[in-house]
Every structure is written in C-alpha cells, then in structure tokens.
Amino acid sequence: MNDDFDMPEWLSSYANSSALPTGNKRLLNTLFTRLARLSSDEITLRANEIRRLMRNSGFAEIDENQKWQLDPLPMLVTSDKWNTLCRGIEQRVKLLNDVLVDLNGECRSLTNGVFSTEDLMKHPYYLAESHILSSVNKGLFLTAFDIAEDTNGDFYVLNDHCQFPRGLGLLLENRIVARRVMSEEFAECGVQRIVGFFEQLQQAISHETASLSDPRIVILCRGPDDKYYSEQAYLATYMGYTLVRSADLTVRKGQVWLKALDGLRKVDVILRWIEDRFLDSLEQVDYSEFGIPGLLHAVRKRNVVLLNPMGNGVIQIPAIKNSLAKAAEFFGREQLLLRQQETCPAQSLPEEDWSQYELLSSVDPNIKFDGELDVESIHHTFDKKGVESFYWRRKVNLSQAPFWHESGLVNKPIIMRCYALYSEEHVYILPSAMCFTPTAFHVDGNTEIKDTWVETIGPPQQRTPPIPKSLQSDADLALVEGLLPSRTAENLFWLGCAIERSENVIRLIRVFIDKFTELAIYPDEAHKNALVQLKVGLENQALIYPYTPLNHADIQPLESGYKELVVSMIADNRFIGGLNSTLNMVVQSALQVRELLSYDSLRIIESIEEELHNFSAISEQTPTHRLQSILDKLIGLTMAFNGSIQDSLSKSNGAYMIEIGKRLERSKQLVSMVQTLLQQPLPEQEQQIVLEIVLVAQVSSVTHRRRYRAFKSIETGLELLLLDSEYPRSLAYQIKKITELCKSLPVNAKPGFLSTTEKILLQLTASFALADRQTLNIKDPQSPSGLVSLLISVTSQLQKFSEMMQTQYFSHTKPASQLHWSVMGNTQLIVDEAPAHQTQKGGNTTHVDAPNEDKGAL
433 MNDDFDMPEW LSSYANSSAL PTGNKRLLNT LFTRLARLSS DEITLRANEI
483 RRLMRNSGFA EIDENQKWQL DPLPMLVTSD KWNTLCRGIE QRVKLLNDVL
533 VDLNGECRSL TNGVFSTEDL MKHPYYLAES HILSSVNKGL FLTAFDIAED
583 TNGDFYVLND HCQFPRGLGL LLENRIVARR VMSEEFAECG VQRIVGFFEQ
633 LQQAISHETA SLSDPRIVIL CRGPDDKYYS EQAYLATYMG YTLVRSADLT
683 VRKGQVWLKA LDGLRKVDVI LRWIEDRFLD SLEQVDYSEF GIPGLLHAVR
733 KRNVVLLNPM GNGVIQIPAI KNSLAKAAEF FGREQLLLRQ QETCPAQSLP
783 EEDWSQYELL SSVDPNIKFD GELDVESIHH TFDKKGVESF YWRRKVNLSQ
833 APFWHESGLV NKPIIMRCYA LYSEEHVYIL PSAMCFTPTA FHVDGNTEIK
883 DTWVETIGPP QQRTPPIPKS LQSDADLALV EGLLPSRTAE NLFWLGCAIE
933 RSENVIRLIR VFIDKFTELA IYPDEAHKNA LVQLKVGLEN QALIYPYTPL
983 NHADIQPLES GYKELVVSMI ADNRFIGGLN STLNMVVQSA LQVRELLSYD
1033 SLRIIESIEE ELHNFSAISE QTPTHRLQSI LDKLIGLTMA FNGSIQDSLS
1083 KSNGAYMIEI GKRLERSKQL VSMVQTLLQQ PLPEQEQQIV LEIVLVAQVS
1133 SVTHRRRYRA FKSIETGLEL LLLDSEYPRS LAYQIKKITE LCKSLPVNAK
1183 PGFLSTTEKI LLQLTASFAL ADRQTLNIKD PQSPSGLVSL LISVTSQLQK
1233 FSEMMQTQYF SHTKPASQLH WSVMGNTQLI VDEAPAHQTQ KGGNTTHVDA
1283 PNEDKGAL
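For the working numbering, count along the sequence shown from 1 and bump the result up by 432.
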C-alpha cells in the first residue's frame, strides 16, 4: 500500500492486517487514498444517511428491519477485468439465445443428445405450453448473471436469470444514493455511466413496436406483497412506463386491455416481472393470481409483445446449465470464458469429499444441501429418494471485498450480478453490477450490497441522448401524460379520503384535549355537558369514520375516562377510525401509487411512518402537552403532504381523484358532526360551547366571529358550515367542487341526458340552493326540523354517489368463470372475455424515491 499519505487509525489497522483481500493493488490503494480523508465517525454518518435514503426508496423498513443494506464503500473494478467479464457475458448471451431458439424450434440439441430430454422434461421449469408460442418466441431479451471471482482470479457463473432480472431497479437506486453520499470522496474516479444502458433498453422496447404510432407499454408485477415491488415501482418511475398488476389487465378477443377510468385501452408491450409458470392460469397448470387469464392466446395471435418471452426459464434447468460446454461446441460457438462450476453424479463422490461440494436436484429447484453442514439431511434424502436425480456441484472459493461494519472494515465474500440486453443480434452490457454477500453472510437476515464502479480509461465518453419520436399533431400531446388505470384511480380516491379522515381525527382529538383540560380549571355545568356530548360522539364513532348515527336516548354518558379515550384514539390500531388506523391508511394508499408521487411527497410519508412507529410509546402516563405536541406535528405533516400532492401531481395523473375523495369525505364529516352535535336543541350556553367545538374542529371559528360579530347564533354557524357555497369549508362548497371535479371523469350517458352521477350531484346542489336560514332553525318545536330532513337527504345522496364511483369507474369487467383443466397442451383454446378483476387495497409496502431528476447524472 502507498505510504505517501497518513491513514486514520481505523484504516491503517485494516490496511496493515493479514486479512487484506487479494486483488488489484492499484485499486485498493485508490480506495485507501480516498478513505484516508474521513474519520470512522464520518463514514458512520454516511452509512446512516444511506440507510435513510434507502428507506425513502422503499428498500428498507422504518423499524430498521432492512431488506437491503447498501455499503458506503463502492466496489471498484478495473477496465481490464471488466472487459474480460463483458467478453464472457457476450459469449454466454449468444449461446443461451441459440439454445432457446433451438428448443423453441427444431430441437436439434435434444435429438442429437446435447441435453438430456428426460431430465429436461421432468423439471417444473420446463413448460410444454411455451412450445405453442415458438413462432413468436424470440429468445433472450433482458438477462442477469450471478458471477463470482475465486481467489485465483477465475470467473464462474453461479446463476442465470433469463425470465426477468431482479435487482435492476435496486442497482439504479444504488448508483443515485452512492453518488449522492460519496461523490466528493470519489470525485474524478473515471466511473462509467449507466444511463446509456437504460436508454438502450427503452430503444429496444420501442423497436418491438416500431410499426405503431402510439404503443402502450406496461410493466407487469406481482404487486405490493412482493418484496421486490419497491424496485419495480422505482424502475417504472424512472423509465416512464405504467406499473400494473394482474387486476389492471384483461384479455378480450385475443387482445390485452388496460382497465382505465374511461374504459379499456389496448396494451402493446408487457415487460413482465412474473415467472413463466404463473403468466396465464387459464392455460397453465399452476394457478396464480399474478398472471393474466388469456395472455398466451393474445401472444399467439401477435396482439401483444411479451418481454422477456415466455419459456426462458428453461435455461435455469440443470439439464441445460450443466451441459453448456457441449452446447457451445454443438452450435459452433467459442468455449466460454466464464466457467461453470464442476459437477458430478451424486453416487460418484466419496463422502470424505462432500465438504467441497453442495448437493442439488436435477428435478426439484428447492433442494440444496451443503456437503459440509447438512450431512445428516443428505443421508436422509438419499435414503428416501435415492441418488439418481441428484448431483454434486463444487463450491467456489469467493474473492472478498471490504465492508463497513461497526466502525471498521471487514472482509466479506461477494457475488456480482451483471445485466445484459440482447436486441437485434447485439449484446449490450450494463457498465456496473450489483455486488452482494451470499446468504450465509447476511447480517440479521439482510443482504449487504455494494454499488459497482467500473473504471474508465481515457477521457469520459460524450453521451448523445436518443432523439424522441416526433409528435405528429397537437392531439398527440395527450399521449405524453399516459393513462390512469382504474385501480390506480381508486387508490388515489381512497388516499384523498384517508388524508381528510386523518386531518379530521387530529383536529377533534386536539379540541377534546383542550376541553377536558379546560374543565379542570373551569368546572361549570355547561362545559361539562358539552364535553360529555363530544366524548359520546367520539366513543361511538359518530364524529369519525364510520360515522355511526347516534340514538341519544340510548346513550348513558360517563363523566370520566377522557385521557383513556384520547390515548386509545391515538395509539390503538384496533380503534377503527382512530388516528393510528387512518394514518396507516394514508401511508398504505400512498405506497400503492408511489410511482405517481414526488420525492418530497414520499419524504413526508416517511416522516408519518416514523411518527406511527413512535405511537407504541404513548400511554395514559404520557402528559397531555406531549400528546398535543404530537398532534400538532402530525397535522403539519398531513397538511404538508396534502399540499405537496396538489402542487406536483398533474390532473391527468389523477389529482382530481384525490380531490374527489377528500371532498366526499369532508362532506360526510360535516353531516355527521352536525347530526351528532348541532341537530338537537340545547340550553343556550351549552349550545354556544358545542357550536364553538364544531367551528374549531372545522377551522371556521375565526371566520364565523369576523363575519357575524355580535349576531352569532346556532343558525349563523349552520349557515356558514352548510349553505355558503363560497366558503371552502362548507358543505355546499364541497358539493360544488365535486361537481366541477366530476367533469374530468368520462361520462357514459346518452347525448342530451344526465348520467346517474350528474343526477345525484344536481339533486345535492338543489338541496342547498333551496335551503335558507329558516331551514336551519332547530328551535321550532311545532314542526319537524328542516335541518333533519336536509341532512337525511344529503346523507342518502352522498352514499349513492360513493357507490356510483365504485361501480362506474373502479371496475370494468365481471368476474371470470373458474375453469378446471384436466388435459393441457391443446392449442385451440376458448378465452373468457371477462377475466377476474380484483381491486387491491393496503399491503405492507414501503415507498420509493422519484429518480427522474437525477437521471442525467448517472
């Protein structure tokens, strides 16, 4: 190592240790030179910052139970080593493509004995149905390879990922985070940029639809329950494609359609992140909710392009992988530069040599035993299943790299996942890799990863961005914004509802705390009775979701338990409509549509999650001033999130759906609040206290005082809250805004006729237009109150409107009939034209950073 600079103690102790990894000394010297400027505390701070950024992006949970742990030190790779890897990857991609084309066509490799037909067809990854797609199957597209370097400098391919390359979105995020945190220390290192690969990927996808003027491209994933969902959403955001799940797509008459708000829109390309055997439960043996019934029929008719093509998983079958050397010779290719691990039949290896190998099955991908650690399990498996279907694979003595661990550097073995694109007979390799530690070296169950920086020789290359397609007409500008799937629209709708519910609950709890603490100082009867009414409304959830109507005659109020109720409403997630439940709904709804949200919006969601995590510390011993401080912070975060989505989410991407949800929820809150607290006549002093509670909860107290001054009464309060169509917090204003917002929704009514939704909104508008202050008089005992009738009518119409939103805009297909297949392999299939539509809500997911602003810096 270079002694021309002073190393800090934490670095010198590692540099002078015998544990120094073997490798290129020049790169190690470069690494040490850069790190010598930092103390151990400074690197720890950077590691914590990385952890926070990864959490923002959805790759780690808020409780530190991380799925991925990005190391602050990048993996440096010399240009010579990378060139060797690139040549080996290019060789392998071309050979694997030859194998796939042959297996989907003439099958010469099988008839000539290159691969074992028996072992191939026994394996679950071999899908007979993929052969009926042979005329449209085009072999490889986007692939990944797990490559290990042993201590002698030889490269081995451990795994091929030819169905879909997991980790691509994570690698993209790694580069952005690593550059942000360590850019100063590693400035001018000459690192190759990765943005060109993603541009090439988009060009390759566009090439598949070159004949179409407006191709619609979607990324198909499993959904939020998939642990890789965060990176899929991140990749969709970065590339500008619509992220969809099975429930978003349907097949009709041999074409794939996206369920959008205004009906069905044709899909031309599906970039899938789902395994071969789960793509189409209508034709395949394995039923899965993740696939699209009828998809293979659409692929056969060439109405949709599936990338990667179905059937690529056959490459992962041992009968193929273990015979690639023979395949290279058969197809006239060069011998592979990237080696295969040595294999041998299970019965041919003496037990004393087992420790150097691992045992795998030729037909069961779930079986894997370590020859050193699992000796008893191996004997048991041999006794139970025999040895014919098993083989040994020699372990690779992996090279190591330094990782930051507990204020020092620790060597750990690494595997590199490299990515390649095969398009128009050319191989494009991503100039980086995702380095990760093997399973045996995971920390607390988390995978430690590194960003890989490939050295550039000479001046940096000038990047010329691809020229976009020109817009043919002004109408084409509409295409730029994309479509809003009905599931996404529904999630945005519920996000708006959740935001409004949260704000309402917080304000009510704050008022409740103010009133019961005030009662301790001013214990008069009117304050006590007003507080009891508020407590009853909260306890029975008449003032909060689900807005259960109160029967005042059956209520036996208790003048105690105020603090207990507050704690329960804040921290108890079993309290339906409480703060914990409503904020969780905000978080989960936001994460369902995170590909539409800005980076700042997601940062606020992260802060809300942190506050939710702290709810577990709240108890009846928590001082009320501390509870009020928590509520003040949460109302600020809620309003900040509300403002951020209004400012950054465009109308075409569904901002109006959030607004409709908010306005509808606020309308229900106002109705329930008036019905519970203001509908019944009360003694004058008590009535004024209750009115003030409602006005404060509705942020209308100051407006009411300034407008009516000395003439304040229950009627003036109701007039302001219900009838003033110019006041943003009034019920009439909410109906007016909903009516305006619904003009953005597609209408299916006949020309000249009102739709059902328009009729409901017209009736609501008329109700408020015809009402006046006399309608709001609650003190006339001679006749039924007009207020009661008005609120009953409004409640009924709001419920009808909510139901119409669900049935008219959030579902476009009826459930599919369940089919039972006893015989597979038929090529003539009848496709149900109404596949199942499932609307999914919730899910324990985490959020994603919006990377578009950083795209040019990769």
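These are computed hints drawn from the structure, not numbers from a lab. In this text the structure is predicted, and so the values were computed from the model without any measurement. Among the hints, a few may not be true.
Unchecked claim - Here are the simulated DSS-like cross-link-like pairs (lysine-lysine), alpha carbons at most 25 Å apart as the crow flies: (1) 1191 x 1168; (2) 753 x 554; (3) 800 x 817; (4) 1083 x 698; (5) 733 x 753; (6) 817 x 827; (7) 1175 x 1191; (8) 947 x 960; (9) 800 x 753.
Stated by the list, open to error - Computed beta-carbon distance windows for the label pairs: (10) 448 x 537: 55 to 63 Å; (11) 632 x 657: 25 to 33 Å; (12) 843 x 641: 43 to 51 Å; (13) 639 x 1082: 49 to 57 Å; (14) 811 x 545: 30 to 38 Å; (15) 646 x 585: 33 to 41 Å.
Using N, Cα and C, we set each Cβ at its ideal position, and we do this for glycine too.
Notebook entry, point to check: Any hints this thing doesn't respect? Which numbers, in order?
Noted result: Numbers 5, 13, 15 - these are the hints that the structure violates, sorted from lowest upward.
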